[in-house]
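Protein chains: 4
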Amino acid sequence: MAKLTWGMIGGGAGSQIGPAHRLGAGLDGHFAFAAGALDHRAADGVAYGRSLGLPDDRSYGTWQDMLAGERTRSDRVDLVTVATPNATHFAITKAFLEAGFHVLCEKPLTMTIEEAEEIVRLAAACDLICAVNYGYSGYPLVRHMRAMVARGDLGRIRLVKAEFAHGHHADATDADNPRIRWRYDPAQAGVSAQFADCGIHALHMACFVTGQAVTELSADTVSCIATRELEDDAMVNFRMDGGTVGRLWTSSIALGNQHGLSLQLFGEKGGLRWAQEQPNQLYHMPLGGRLQVIERGEPNLSPEADRATRVTIGHAEGMPLAFANLYADLAEAIRAREEGRAMDPAANLYPRAEDGLRSMAAIFAVAQSGRNAGAWCDARPPMFR
Amino acid sequence: MAKLTWGMIGGGAGSQIGPAHRLGAGLDGHFAFAAGALDHRAADGVAYGRSLGLPDDRSYGTWQDMLAGERTRSDRVDLVTVATPNATHFAITKAFLEAGFHVLCEKPLTMTIEEAEEIVRLAAACDLICAVNYGYSGYPLVRHMRAMVARGDLGRIRLVKAEFAHGHHADATDADNPRIRWRYDPAQAGVSAQFADCGIHALHMACFVTGQAVTELSADTVSCIATRELEDDAMVNFRMDGGTVGRLWTSSIALGNQHGLSLQLFGEKGGLRWAQEQPNQLYHMPLGGRLQVIERGEPNLSPEADRATRVTIGHAEGMPLAFANLYADLAEAIRAREEGRAMDPAANLYPRAEDGLRSMAAIFAVAQSGRNAGAWCDARPPMFR
Amino acid sequence: MAKLTWGMIGGGAGSQIGPAHRLGAGLDGHFAFAAGALDHRAADGVAYGRSLGLPDDRSYGTWQDMLAGERTRSDRVDLVTVATPNATHFAITKAFLEAGFHVLCEKPLTMTIEEAEEIVRLAAACDLICAVNYGYSGYPLVRHMRAMVARGDLGRIRLVKAEFAHGHHADATDADNPRIRWRYDPAQAGVSAQFADCGIHALHMACFVTGQAVTELSADTVSCIATRELEDDAMVNFRMDGGTVGRLWTSSIALGNQHGLSLQLFGEKGGLRWAQEQPNQLYHMPLGGRLQVIERGEPNLSPEADRATRVTIGHAEGMPLAFANLYADLAEAIRAREEGRAMDPAANLYPRAEDGLRSMAAIFAVAQSGRNAGAWCDARPPMFR
Amino acid sequence: MAKLTWGMIGGGAGSQIGPAHRLGAGLDGHFAFAAGALDHRAADGVAYGRSLGLPDDRSYGTWQDMLAGERTRSDRVDLVTVATPNATHFAITKAFLEAGFHVLCEKPLTMTIEEAEEIVRLAAACDLICAVNYGYSGYPLVRHMRAMVARGDLGRIRLVKAEFAHGHHADATDADNPRIRWRYDPAQAGVSAQFADCGIHALHMACFVTGQAVTELSADTVSCIATRELEDDAMVNFRMDGGTVGRLWTSSIALGNQHGLSLQLFGEKGGLRWAQEQPNQLYHMPLGGRLQVIERGEPNLSPEADRATRVTIGHAEGMPLAFANLYADLAEAIRAREEGRAMDPAANLYPRAEDGLRSMAAIFAVAQSGRNAGAWCDARPPMFR
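Residue numbers (the numbering used here), protein chains in the order written: chain E, 4 to 388; chain A, 4 to 388; chain C, 4 to 388; chain U, 4 to 388.
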């Protein structure tokens, strides 16, 4: 298989997300890193790109330069990853889609629901891939949960319980720490802090594994550290379009939790439990049976899990490989288009612009409900109502 | 120490709660089982009481007989345990208090808030002990949580997260099982099923460890099995009079959970986590430190934990001993009164009529909020507003 | 059922084992505590016995007095528990058996193999119960392990792996602590310290669950704290008479382990894992299947487990109830004899003099092998060779 | 940093270890995959190499061709990985070292102690890197264990307890499965099966974290499945040159264990516990303190752990990243040599030929002791006696 090529906007020196994307894209050898505009300080970005091995003429100073440079090349990149500050996602994603590039955008896709709807419409009109990086959906056993639900192993899903609660912002004396402060400042973070940052991952997973969308929700949002304008803890009750009831807790003051992303599903015929911190085990309780441990890598799991598994049973697999699974999905999606064939359904699992849009709508609904004493709000984007 | 004596109403042949009370009361030798009216079928109750070693004249056919018989004896029982069907708790408790007996009543204390207020007033007026059996507060490490909060180890408590979610009513085909059906029938169970049955224990624990009372709450109650009139799953957000935010999940359809009672506390200076299924470990996360395991039985815990511990560190201790701790508290309370001295503060932890009253108010508030799309409701009993 | 009566030798004020026996014997109401010689300081023992409610004439100053007093009573105790210093077990047990009493002796049964053989022969000749307190065999799920092996669920057992490794003697500066020092002093403790104290429990469990006896063994015994004359850590490899290979690790310097008793079985058709610190779960791996969690209290376990279970599924049950199960077994054994009927086979599980004898032989074999660089030694008592 | 280049011998189509090496070498971008002789079927290997992107002239048919081709190139590979059948490791490693290449050889380094000594001498004489792939030493928290021991956090290490016990060869009906049978056949596997395959990893880790070498050992080796000529289960007791006592259990019939590599250290001042299946937590028990959880990625760990960490705290990291850490060490070692500077001490942790030699000596000692009823054997290579 010829390698695809790939470029990145953002993710300059010192960023955490840049290396994660390069690692994820490169892990399986699907994508060669071929172009970049890595820093808003143009000279720094150019130099850093070269230090990472980009050719001189493809380490750009700005995303506009990169757009201009790549669009005219015959060997232009097959995929553009957008990992810039949130407020710029919309403009960059839009511009690259309009120029005919497939895009993987960091979450959030945009800052408003209207922008997200525009991206969804644009990607559909152009017939281009516009993925959004809800990376936890790449874990093999998360994909297996989805497969089990889809094939009916659990019967109708009555309830989904999701959590993403950590304790890394529990220190009130950190209030002036610039790495933390901006997150709770509406001017910089928008209408929501902890829910938009972490809770939304848990909500995406609830949708991903059930195959359902959120219709309405009620939120109790609080600032446990009183100086914060935005919430550091929220409980969200929701309803899904397939009839499932949802409950989601997110927190950044939950001392004792290191990461705290977990998912429980309760269906008519069984329950499932998975936690990101121990991602290689999935606990399955069949109705009337005993709790069983499903191991990543065991024989005869679903095609979705098998495709996303690299390491044999018993060895720990972790987050970078989950991340790489999204890139592997995208490689398959791009190749299938190039080759004019249907893509492997076990790869057709990457989050897409619609997910980004639904997430934006959920975030705004949480903020609205939180301001209104938990009043139930419509959580659907207008275009899907 | 001379043994105290003790009698029981209810808990006849085949009941689960009867043996638990006899075991708890007898475990430390504080109470001798001396009288009983064990069954609403009078002859059966008399025979069963004799088979348990009660003297012929103190194995009564009805609670009214027992009241009449005991009140005139010079060696009348020191404590009466009421473990009859819920609807009879009020009348029996009231009658025995009026006759000057100390009472331990099973939960719920009454069927209405008004009745509970009457019991609270009566016990206060008579200066009698009226305890309510929220038995999980007897676990040594639950008492240690309370002690840690009280002495300030965690700073102000920002958030308490409680769960009591099991999966034992998840089988929809069980709908006609008489052991389950009545629980979801308002005619028999009142305004609430799963919250009143299990959730209220979790709420009591949240109050017990924080030393705070609930002021208002918002509930999302659902019947995951649609044929049930009362809820089998509920999420309750609440506020406490010391400023703590609360979140409580209870469920009976959570397949994979065997019992599912757990408590997390998040304070300014640290977090705590405890689960009933592994009650001998308490997880403590000090702010800026590492997660630590506090073991039941380790040296230099609090007096509250030490007093409630019988078995050395490392050995499993379980529910029957937690139960016995309530009886040990009551023995100390009764003896202190008899001897005209202050009771050991480490024993002054048994749940009392006020807790039963507050629980009733919470149950009614949950039902009201659940019927009103989660509208926030006052959860305080009228007499405490 | 009329209560049986019960007396105790040893277990005076301040002892740990005394309350444990009284709790275990009294828990189910099978035995009334009726006589005692509780302390080698006669006056203290008499006073303590009275404080526990013994009648004046049955709180004895010495075991000889108790023997003389009880043997002539028509209501003499049905069972005598011996919980005195190790060196006195033989003489007391022998004297009471000769006088026709059933005996439960603390471990070790004797100080020598010869003495143990004498007790075994005596108990058989008198047709009396002589039990030895290997109390961990009372746990419901340990009994269920035995039942699963017996009914063939695991096929032939290839390997048993046992551990009893704690860290409570890891502090070298404790060398002069009198509560610890004597344990490592051959003059007081005999030929073995940690193996005889803890390892022997794990070995008994290996025998109990497999239904096999140890034939030979090889031991590596070390004193990790160099000032100790006897071992504080040992690894024992052994062979059993049903062909099972055994491995057993015991330690008192294993910092991080609070108790550390666990058992793993590996058979042709499946594996089992159980640990005392979480005694309410048993992990079962069927060949070709998935790891499953067997819960104490779940429906359709074995009669052996069901009989030993008091509390419903999901609630923690612990050591005191395991202990009580031995007393319940003994009550059934005594009653069956009195009533001239076969005893309930699910109760016929209490450790007996033969187990005490085999344990003595194993301890001497470990000491001998340890002194001889791990040379394999016959671990069978002479009378069973 | 310019990329280094790297070639591989073995690891052709369908192999498990080939992708693991390519992933590990490529993950951080240190090494470009530049040459290979991937299959003993020459044409298949050439074609597979090209499919992986190797240039036509560097996808070789045999390792001899690769040696001839690479040795004369000015851009010859910086590192050669040997992942061929065990019996060929010696000849290939020797030839490439003699030609001046750095080598990373899969375990076992050789088939005999004499060969391993020859490699050690050769590498030293040539001043070349000869690493051996004991990949578990790449886990960040394993490296942190080593750092804690080295800086004295635990005091003198009294005991190390290692396990590598899985259940994947427990099915006796698998006896004719060719993927399993050869492992227990001395003609193909040498003197040891399970110890040489898995146990040796655990032994290497015991040496790695303590910084000590094994001096003598006693082994109990058994074939639980009787048709196997070589052992499928072994217990090894050993002594180390710093005075630490060791115990190691390895098994392939331990049903219920998926992987089963774990390590416990017990020192004068504390204990540590780590297990490969949950590699992101390390349990630390300080003497007189409480069990604490050390998290991979937490601030202020050792430089050794920090250097080996890519993902932030709370996210799961797994085996592929551990593997990549060895390649990162080798890249640093090669670059330091090229640049004539001392290498980063936190990278100087890759296993080397001496480790391979010591492992060979241990394997032969285990086999010898196993044949001789556990007699203690010298486990040191002759050149280190």
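Hints listed in this document are in silico derivations from the structure and should not be mistaken for laboratory results.
Be a bit skeptical, because a hint or two may be false.
One copy or two, either will do: identical chains are not told apart, so a pair holds if it fits within one copy or between any two.
What the hints assert, rightly or not - When the alpha-carbon atoms are kept at most 20 Å apart in a straight line, the in silico EDC-like pairs for lysine to aspartate or glutamate are as follows: (1) K6 - E120; (2) K6 - D174; (3) K272 - D174; (4) K6 - D31; (5) K272 - E120; (6) K272 - E341; (7) K272 - D177.
Determine which of the earlier numbered hints do not hold for this structure and return their numbers in increasing order. Per hint list: 1, 2, 5 and 6 violated.
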